[in-house]
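Visitor: Sequence:
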Amino acid sequence: MNFSATVPIATRSPTFPIVYDKLRSGEMLVRDSNLPLIERQDDRPLSSWNAEDRTLEVIASTGAGRPYQDGSGLFEERLDVAGVTVGEGIPFLDHHNRSSFDSILGHVVSTRIENGQLLATIKLSATNPTAQRLAQELTNGARYGISVGYEVTEWEERTEGGKRIKTAKSWTVREISLVGVAADAGAGTRSGPELTSRATAHAEIRILARQGGLPQDWVDRQIDAGASIEQARSAALDAMIQRGAMPGMMTRAQIGMDYTDPAIRARAMGEGLYTRIDRRHTPSVEARRYAGMGLLDLARDCLQTRSISTMGSATQIIQRALHTTSDFPLLLGDAVNRTVRANYELAGSALKVVGRQVNHSDFRMRHRLMLSEGPELEKLNESGEIRSGTLAEARESYKLDTYAKKLGISRQVLVNDDLGAFADIGRLMGQGAAATEAKLLVTLLVANAGAGPKLSDNKALFHIDHGNRNSDAAPWVSSEMSFVDLVAAGRLAMRRQVSLQGNPIAVSPKFLIVPSEGETEAEKLLATIAPASVDQANPFTNRLTLLVEPRLMSPTAWYLAADAAMIDGLEWSYLEGEEGPQIEAWSSQDVEGVQVKCRLDFGAGFVDWRGWYRNDGTE
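With the numbering used here applied, the sequence shown corresponds to residues 513 to 1131, in that order.
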C-alpha cells in the first residue's frame, strides 16, 4: 500500500541542518519500517537548461526501433548507440530544416554515451529569434523531442519474432534537431525524470494511426490500455504487417528523413494544396490524404503534429501555425512553387532554345576556353615518326547574377482559403522569372546598337571581320531580294566560317529568329508548298525552325543560328542544384501573413560567333 503524509521536522534536532540541506539539494530521504534510514539522490538535475551559458543537455538517441519499408518489405530499424560517431561542430536545427540559416538554433558542444543513450550538450544561439523563444520555454520547464539526422555505414540484419530487424552498427550523426514529437520516444530535452506525458503519447498514437492508415478503434484501444509510445509503435507495426501493407509509410532516402522532418510533410501537404489549385494535377500517394484539406485543416494538422493547441478561431489557428511551426510556411511555399513552375515553363524565352545550358557551381566569373578543331592526321614517313600537333584557343567569360522579388500572402487570404490568390502569385512570379531571363538574353543579343557583346578579340559578336553580319533590306519592309535569297546568303556566310586555325567548319543554320513584324513573312518562307516547277521550290522547307521573339525592338533585323549541340554559341546558366526560379516562404512577427520570395540565379554569354548570323534588314 502506498501513502503520503506531511511530516513536521523538529528544528531543534541536531540532525535538522543536515536534513534541511539535503532536501534543498534535491535528495530524497526514504524510510523503510524494517531498515535504518537510507539516502538516495536522483542523479539527473531537475532541469538541464543553463541560462547563464545558454546550454542544455539532451538525450539525442536511445537506439529505439521504428518501422520502415524498403524494396524487400517491412522492417524495424534500430541504432546501436555503441557504434555512433558524432561529427565535430554539427548544427542544432529546427525540425531537420537544412534550407535556411534561420533554422540553425545552435550547435553541439559535446557528446557522450551513458546507460546505452547518446547524450549531447547543446549551446543555443544568442541571436536566433526561435532559439531565444526556446530558451524562454526551457526556463519555464518546457520539454521537447529530439531527433538525429545520420548516415549509416554498416548494417546488421536479422529476423526476430517474425520481424525483420536492421541494426545500424556503424553510423554517423550529421545534425541534431528539435522536434515536437520524436520518432525515438526516449529522445528529448532533459527536464527532470525522463517521462513522456500521456498527452504526448496520445498525440503520437494518433500520428502513428494516420501514417499507417489504422482505424479509429485501434487508436481507442491503445489509449484505453494506457500504451506507451514504444508499445503503440510495436502494435502499429504488427497491425500493418498483418494487413500486408503500410500506406503512408515512406522510404527513407536521405539523412534524417522521417515523418518528423518538415520538408517531407511540406512537400506532401503543398502538393495536396496545389491539387486544389490545379484540378488537372494527379497527386502522389503521399499527397492524397491532404488533397481535400483546406488551409485551416492543414494549419490544424501542423499544430497537432507538434502537440500544439488547435483551440480558438480560424484567425488564431492560422496565426499560431505560421509563427509556432515550420511546416505551415513550408507547405505554402511548396504550393506556390508548383504554380510558379507551371507558369514559368509556359513562358520560356525563344532564345533559350538556341543556346546551351551549362550550370555554374558559384558566382565567380566563368572563363570559357574555346579550342579549335583537332589537327589533321598526317601520313607517317618511313621512319614511323609521329609529329606533334597544336590546338589554337580563344577565351570568353560571363558569370551568374541574382534576381529576386518578394510578395506577401495576407492573413485574410489564408483565413478565407482564397486559392485564387495563390494561383495569381504563382502565375505572376513564374511569368516574371521567365520574362527576366528573356529580357537578359535579348539585351545580350542586341547590345552595342545591335552588334552584340564584345568578345575576347575586342570585336563585337556580329562584325564584318567575323563574316556574320549583313545589312540587306528586310523583305517585309522593301527589298529587291526575296526572303529565300536573303536566307540563302546568310547560310552561305555561315558555311564559309573557318576555325581558329583557318580550316572550314561547315556550319549550317537550324533556327530562323525574327521580330514580331517578320513572323508572317517567315512563315511563308517555311511553309510547305507544292511548287509548280523546280524554280519555285522552297529550299528551306522543313530545314529551319522559326522562333519569334517579340522583345526584339528592331522591326527589320533577323538572325540565323546553328544547333548549339554542333557548335558553341550562346550559353546560359543557373546555379548548380537551383535551376529556374527558387521559392522560399516564411512568416514574421512583423507581417500579418506570410512572405514569399522568388529568387533566380541566372547568367548568359556568347562563347563563339561562328554559329550566329545577323542581317540588319536596313530599310
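Wrong hints could be hidden among the right ones.
To be verified - In the SDA-like style, the derived pairs of lysine to any residue whose C-alpha atoms are separated by at most 20 Å in a straight line are:
| no. | residue 1 | residue 2 |
| --- | --- | --- |
| 1 | Lys1109 | Val865 |
| 2 | Lys675 | Ser584 |
| 3 | Lys678 | Tyr656 |
| 4 | Lys918 | Gln1107 |
| 5 | Lys951 | Ala935 |
| 6 | Lys951 | Val865 |
| 7 | Lys675 | Tyr656 |
| 8 | Lys635 | Gly599 |
| 9 | Lys864 | Asn562 |
| 10 | Lys917 | Arg853 |
| 11 | Lys681 | Thr671 |
| 12 | Lys918 | Lys635 |
| 13 | Lys951 | Arg1063 |
| 14 | Lys864 | Gly1105 |
| 15 | Lys918 | Gly1105 |
| 16 | Lys1109 | Ala947 |
| 17 | Lys681 | Glu663 |
| 18 | Lys1109 | Ser612 |
| 19 | Lys864 | Lys678 |
| 20 | Lys911 | Ala950 |
| 21 | Lys1109 | Arg1122 |
| 22 | Lys966 | Arg1122 |
| 23 | Lys635 | Tyr656 |
| 24 | Lys864 | Met1078 |
| 25 | Lys951 | Glu1091 |
| 26 | Lys918 | Leu940 |
| 27 | Lys675 | Ser611 |
| 28 | Lys951 | Gly1092 |
| 29 | Lys864 | Thr955 |
| 30 | Lys911 | Glu668 |
| 31 | Lys1036 | Ala1000 |
| 32 | Lys864 | Tyr656 |
| 33 | Lys918 | Ser611 |
| 34 | Lys1109 | Ala916 |
| 35 | Lys864 | Lys951 |
| 36 | Lys678 | Ser584 |
| 37 | Lys678 | Arg655 |
| 38 | Lys681 | Glu668 |
| 39 | Lys917 | Ala947 |
By construction, these hints were calculated from the structure, which means they are not laboratory data.
Visitor: Next, verify each hint and record whether it holds.
Guide: Here is how each hint holds up against the structure:
1. Lys1109 to Val865: 27 Å, violated
2. Lys675 to Ser584: Holds, because 12 Å separates the two Cα atoms, which is no more than 20 Å.
3. Lys678 to Tyr656: Cα-Cα ~27 Å, so violated.
4. Lys918 to Gln1107: 7 Å, holds
5. Lys951 to Ala935: Status violated; Cα separation ~24 Å.
6. Lys951 to Val865: 14 Å, holds
7. Lys675 to Tyr656: 30 Å, violated
8. Lys635 to Gly599: It holds: about 16 Å lies between the C-alpha atoms, which stays within 20 Å.
9. Lys864 to Asn562: Roughly 57 Å between the alpha carbons, so the hint for lysine 864 and asparagine 562 is violated.
10. Lys917 to Arg853: 16 Å, holds
11. Lys681 to Thr671: Cα-Cα ~16 Å, so holds.
12. Lys918 to Lys635: 33 Å, violated
13. Lys951 to Arg1063: 7 Å, holds
14. Lys864 to Gly1105: Distance of about 36 Å is beyond 20 Å: violated.
15. Lys918 to Gly1105: Roughly 13 Å separates the two Cα atoms, so the pair holds.
16. Lys1109 to Ala947: 17 Å, holds
17. Lys681 to Glu663: 11 Å, holds
18. Lys1109 to Ser612: 13 Å, holds
19. Lys864 to Lys678: 49 Å, violated
20. Lys911 to Ala950: Cα-Cα ~17 Å, so holds.
21. Lys1109 to Arg1122: 40 Å, violated
22. Lys966 to Arg1122: Roughly 14 Å between the alpha carbons, so the hint for lysine 966 and arginine 1122 holds.
23. Lys635 to Tyr656: 16 Å, holds
24. Lys864 to Met1078: Roughly 16 Å between the alpha carbons, so the hint for lysine 864 and methionine 1078 holds.
25. Lys951 to Glu1091: 18 Å, holds
26. Lys918 to Leu940: 11 Å, holds
27. Lys675 to Ser611: 36 Å, violated
28. Lys951 to Gly1092: Given pair lysine 951, glycine 1092 holds - Cα atoms ~15 Å apart, limit 20 Å.
29. Lys864 to Thr955: 13 Å, holds
30. Lys911 to Glu668: Answer violated: lysine 911 to glutamate 668 is near 48 Å, above 20 Å.
31. Lys1036 to Ala1000: 15 Å, holds
32. Lys864 to Tyr656: At roughly 50 Å apart (the allowed maximum being 20 Å), tyrosine 656 and lysine 864 break the hint.
33. Lys918 to Ser611: 18 Å, holds
34. Lys1109 to Ala916: Roughly 7 Å separates the two Cα atoms, so the pair holds.
35. Lys864 to Lys951: 11 Å, holds
36. Lys678 to Ser584: 12 Å, holds
37. Lys678 to Arg655: With Cα atoms ~30 Å apart, lysine 678 and arginine 655 exceed 20 Å; violated.
38. Lys681 to Glu668: 6 Å, holds
39. Lys917 to Ala947: 13 Å, holds
Hints 1, 3, 5, 7, 9, 12, 14, 19, 21, 27, 30, 32 and 37, counting from the list given before, are not met by this structure.
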